[in-house]
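Undergrad: Listed below are the residues making up each chain.
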Amino acid sequence: GDSVTQMEGPVTLSEEAFLTINCTYTATGYPSLFWYVQYPGEGLQLLLKATKADDKGSNKGFEATYRKETTSFHLEKGSVQVSDSAVYFCALKPPPSTTDSWGKLQFGAGTQVVVTP
Amino acid sequence: EPEVTQTPSHQVTQMGQEVILRCVPISNHLYFYWYRQILGQKVEFLVSFYNNEISEKSEIFDDQFSVERPDGSNFTLKIRSTKLEDSAMYFCASSDRPGRTYEQYFGPGTRLTVT
Chain A
189 GDSVTQMEGP VTLSEEAFLT INCTYTATGY PSLFWYVQYP GEGLQLLLKA TKADDKGSNK
249 GFEATYRKET TSFHLEKGSV QVSDSAVYFC ALKPPPSTTD SWGKLQFGAG TQVVVTP
Chain B
35 EPEVTQTPSH QVTQMGQEVI LRCVPISNHL YFYWYRQILG QKVEFLVSFY NNEISEKSEI
95 FDDQFSVERP DGSNFTLKIR STKLEDSAMY FCASSDRPGR TYEQYFGPGT RLTVT
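Keeping their order, the protein sequence lines are chains A and B.
Per my numbering: the first sequence = residues 189 to 305.
Per my numbering: the second sequence = residues 35 to 149.
Possibly wrong hints are sitting among the right ones.
[Unchecked claim] Here are the simulated BS3-like cross-link-like pairs (lysine-lysine), alpha carbons at most 25 Å apart as the crow flies: (1) B:K76 x A:K265; (2) B:K76 x A:K256; (3) B:K76 x B:K112; (4) B:K91 x B:K76; (5) A:K244 x A:K265.
Hints were generated in silico from the structure; no laboratory data involved.
Modelling step: build the complete structure from the supplied sequences, incorporating the hints.
TA: Written as structure tokens, this is what we have:
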């Protein structure tokens, strides 16, 4: 079945450092790919998405490129801030099929990122 | 900005008791979802709901679980007889469309602790 694997955390880094969170997926066809972020005490918020191969999603300085050949959707940010401390979730939504067109998301385990001043 | 809300933020219950988790989706959304995350594990899909009926459910969503939209604004998840393994964070989400490219908006979650 469909699945998402992302690197374990916590990832601890200093302010202005470069951040990469690896995400790979297993799916048939062309799923849509998402990164969600959860700040402390808050719900899951969509950070960015990509819906087809080679699409690049970007938001708030974060970027991720949909790589079909490596089945990856790694999240990157060039210079992190303390306010980026959160848990980041990679997720996929399968392409519609005869049995599933209701849009359930398949999540990775989440990666906690801690940015220190 | 419209948002999904959930109550309570934390619920403690004894094993075997019934609990109802409440969600208020974004007002013009028509598709509703429940997910859960057991501590340290993945966020897992439980159920999707549209037009007053379940459209899809996972194998986790057994007969102990039910969902309801009792009025025009609330969306509830009921667990009839809680077990220790039901302890988790439960997230509600809503979407205006179910398709592959459309975003789901999530609430802040309810942490359920079963003792």
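Undergrad: Between A:K244 and A:K265, does the CA-CA distance stay at or below 25 Å?
TA: This hinted pair holds, its Cα atoms lying about 13 Å apart.
Undergrad: Within 25 Å, alpha carbon to alpha carbon, are B:K91 and B:K76?
TA: holds (17 Å)
Undergrad: Quick one, are B:K76 and A:K256 close enough, alpha carbons at most 25 Å?
TA: Between B:K76 and A:K256 the Cα gap is close to 23 Å, so the pair holds against 25 Å.
Undergrad: Given the hint that B:K76 pairs with B:K112, test it: the Cα-Cα distance must not exceed 25 Å.
TA: Distance of about 21 Å is within 25 Å: holds.
Undergrad: Next pair to validate is B:K76 with A:K265; report whether the Cα-Cα distance is within 25 Å.
TA: holds (23 Å)
Hint check: no violations occur; every hint is consistent with the structure.
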